[in-house]
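Q: As given, the protein sequences belong to chains R and P, one line each in that order. Be aware that the first sequence starts at 1, since it is given in the UniProt record's numbering, and climbs by one per residue. Be aware that the second sequence starts at 1, since it is given in the UniProt record's numbering, and climbs by one per residue.
Derived by calculation from the structure, the hints in this document are not laboratory data.
Distance ranges between label pairs, derived from CB positions:
hint, chain 1, residue 1, chain 2, residue 2, range
1, P, Asp72, R, Thr142, 40 to 48 angstroms
2, P, Thr26, R, Gly253, 57 to 65 angstroms
3, P, Asp114, R, Glu155, 51 to 59 angstroms
4, R, Ala298, P, Asp141, 41 to 49 angstroms
Under 7 angstroms between C-beta atoms, here's a sample of chain P residues computed to sit facing chain R:
hint, residue
5, Gly17
6, Ala18
7, Ile21
8, Arg39
9, Gln61
10, Thr68
11, Arg74
12, Val76
13, Leu77
14, Leu80
15, Ala84
16, Glu146
17, Phe147
18, Gly150
Calculated Cβ distances over 12 angstroms to all of chain P for the following chain R residues:
hint, residue
19, Ala23
20, Pro55
21, Pro127
22, Pro134
23, Thr142
24, Arg156
25, Thr205
26, Gly209
27, Glu210
28, Gly223
29, Ala277
30, Glu311
Just so you know, these numbers come straight off a predicted model, no measurement behind them. Backbone N, C-alpha and C fix where the C-beta goes; we use that ideal spot for every residue, glycine too.
The residues making up each chain are set out below.
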Amino acid sequence: MRTFEYVRPDGVPGALAAHAGDAATAFLAGGTTQLDLMKDGVLEPARLVDISRLPMRGSTTTGAALRVGALTTMEELATDPTVERRLPLVREALLLGASVQLRNMATIGGNLLQRTRCRYFRDPAVPACNKRAPGSGCAAVTGPARMHAILGVSERCIALHASDVAVALVALDAVVEIEGPGGARRVPLTEFYLEAGGRPEVEHTLEHGELITGVEIPLPPEGTRSGYLKVRDRVSYEFALTSAAVALLIEDGVVRDARIGLGGVGSTPWRPRAAEAVLSGAPATPEVFREAADAAVAGAWTVPGTEFKVELARRTLVRQLRTVAEVTR
Amino acid sequence: MTSTPDVPPAPPQSDPGAAEITTAFTVNGTPRTVGADTRVTLLDALRDRLGLTGTKKGCDQGACGACTVHVDGRRVLACLMLAAQCDGREVTTIEGLSREGRPHPMQDAFVRHDGFQCGYCTPGQIMSAVALLREGRAGTDEDIREFMSGNLCRCAAYPNVVAAIKDVAREGGDHAHL
Numbered sequence: 001m002r003t004f005e006y007v008r009p010d011g012v013p014g015a016l017a018a019h020a021g022d023a024a025t026a027f028l029a030g031g032t033t034q035l036d037l038m039k040d041g042v043l044e045p046a047r048l049v050d051i052s053r054l055p056m057r058g059s060t061t062t063g064a065a066l067r068v069g070a071l072t073t074m075e076e077l078a079t080d081p082t083v084e085r086r087l088p089l090v091r092e093a094l095l096l097g098a099s100v101q102l103r104n105m106a107t108i109g110g111n112l113l114q115r116t117r118c119r120y121f122r123d124p125a126v127p128a129c130n131k132r133a134p135g136s137g138c139a140a141v142t143g144p145a146r147m148h149a150i151l152g153v154s155e156r157c158i159a160l161h162a163s164d165v166a167v168a169l170v171a172l173d174a175v176v177e178i179e180g181p182g183g184a185r186r187v188p189l190t191e192f193y194l195e196a197g198g199r200p201e202v203e204h205t206l207e208h209g210e211l212i213t214g215v216e217i218p219l220p221p222e223g224t225r226s227g228y229l230k231v232r233d234r235v236s237y238e239f240a241l242t243s244a245a246v247a248l249l250i251e252d253g254v255v256r257d258a259r260i261g262l263g264g265v266g267s268t269p270w271r272p273r274a275a276e277a278v279l280s281g282a283p284a285t286p287e288v289f290r291e292a293a294d295a296a297v298a299g300a301w302t303v304p305g306t307e308f309k310v311e312l313a314r315r316t317l318v319r320q321l322r323t324v325a326e327v328t329r
Numbered sequence: 001m002t003s004t005p006d007v008p009p010a011p012p013q014s015d016p017g018a019a020e021i022t023t024a025f026t027v028n029g030t031p032r033t034v035g036a037d038t039r040v041t042l043l044d045a046l047r048d049r050l051g052l053t054g055t056k057k058g059c060d061q062g063a064c065g066a067c068t069v070h071v072d073g074r075r076v077l078a079c080l081m082l083a084a085q086c087d088g089r090e091v092t093t094i095e096g097l098s099r100e101g102r103p104h105p106m107q108d109a110f111v112r113h114d115g116f117q118c119g120y121c122t123p124g125q126i127m128s129a130v131a132l133l134r135e136g137r138a139g140t141d142e143d144i145r146e147f148m149s150g151n152l153c154r155c156a157a158y159p160n161v162v163a164a165i166k167d168v169a170r171e172g173g174d175h176a177h178l
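Excised from the complex, chain P in its bound form:
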């Protein structure tokens, strides 16, 4: 099996009369520029323009959390944010969590605890979990459940998600470097 070259797909044809806007922002530490229709969300810019398909499109209406990314260090929903609003901002996606080829401790913990089934919500769960630790809200199981409630998992892997987060929190979370 040959690997697919890492080339972003061609941008969709824009509508006649659509307004174009150029957005310069940092994605996973790399400066990127996207010229796109003003209607393009951060989610679509990441997936369709920059080829970063780790961030998932679930509901596309702010209800499921699958598109959770960090903007200037805070977890947000990429589907409810225009790409143009991110001009000058720093965006971190699931692809930006690893360091020196090693998965982030939270990614390791999700694997270790089987914190997923189909895996579609997992990038959003992990981005949310990393932020949760930084917010200092992983003190109790109850807190973890409450402050992770914006990330739905229809496979209901919730107990293992909580276990994975507790594991990283117990280790001190210091090496959770984001």
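So that you can see chain R by itself, here it is in the shape it has in the complex:
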């Protein structure tokens, strides 16, 4: 690991000043991705600004939204009373991710910014990785690939965004709160991430030196039913092959509001709006769910190792729509 300076400033302004947009400086929160990738030689910051004790922890419910401080841990958010009562899809996505130890360390802000698990990105001995070394190619497209994305990708990069909770949060139209040298701003999570088709090394709209301070999660209308289904190689402590976050408001057998996020398939936490459009105003039946699932994966781009994900993602979504809607036929 490259040597680095470690600083722990007081307050958000102090942290922003200590970072100051310096290319070789990185923020450190839970560290579960940051430190891991530093050990692998993928990230080599010369200075770490430890933000983990800044006053950005805990959540408050105000009106129709839950406001979550960026340093709230995954465990803390999973056991939040509002999350338990109003946001089952968020709770389930959190509890199906990582392990308790990692969830006690990992923060919500850090979770949103986690780097891909693509094995070629994480191995500096692999020369071709457009995300790690722009313009060098993509070893995953030609080499063995499996835990890779099929939506929002191209021959330049098929790296997956592996977060579970971000999938639920894009479905709910969560908003990211940001502070930086230029002041504060808010960005909808659906506009925060950038697909890997263009420049794979640019993953989101956060500027270097800006800090996520919180996430605002709009609460779905009372009566909404929701949940998260994660399909994986082993039953626990594993990344998703495919997953589906679903929130449905159904009245008299008709879908009044449908929100969907798909995991394990996208270069970003994936919001299949075409599938939501199929469901909206339609009867909650298996036939409609299947039609929505077809729309969700339309335009998938696969390599031989990821072809199976198209049908698996369809079935994952149909299953979760049926579970949430309680359609058992």
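Since the structure of chain R is provided, determine the placement of chain P on it from the hints.
A: For chain P alone, kept in the frame of chain R given last:
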């Protein structure tokens, strides 16, 4: 056979240009100070600087759970935490579980139920299990398996690990004093 004196090994030579940092924290109830390269993880500080080798280094990348310790009462992975991040924190390791020379009830239960084979993952399993009880998640076998899933055992002693935890949970867990 003579016993080995309990002296920590000499710290490794630091790289030229490495940044040093002093960290003061509490380990198993005792205030400790470690001066080390900023790159030193909590795991390496415990093992190589403080001589507390009960905490094991398995994968060193947050995948196996062998290095599980408690920081401020929560179970975490010592391999993915810098020692410097623990300044002012309270750290508990497997060496800190016993009271008045008696093993922790969870340690007793692991022995009673043969909850290990090679034993390398055991300190992490026990630290995780003690936290699991405190979190109130030992209600069913299914819950125990799910909330212990961050601790891998390549000898696959899992059934006996679950039995040991159930045993302590059944006893009320009150005397599981951490």
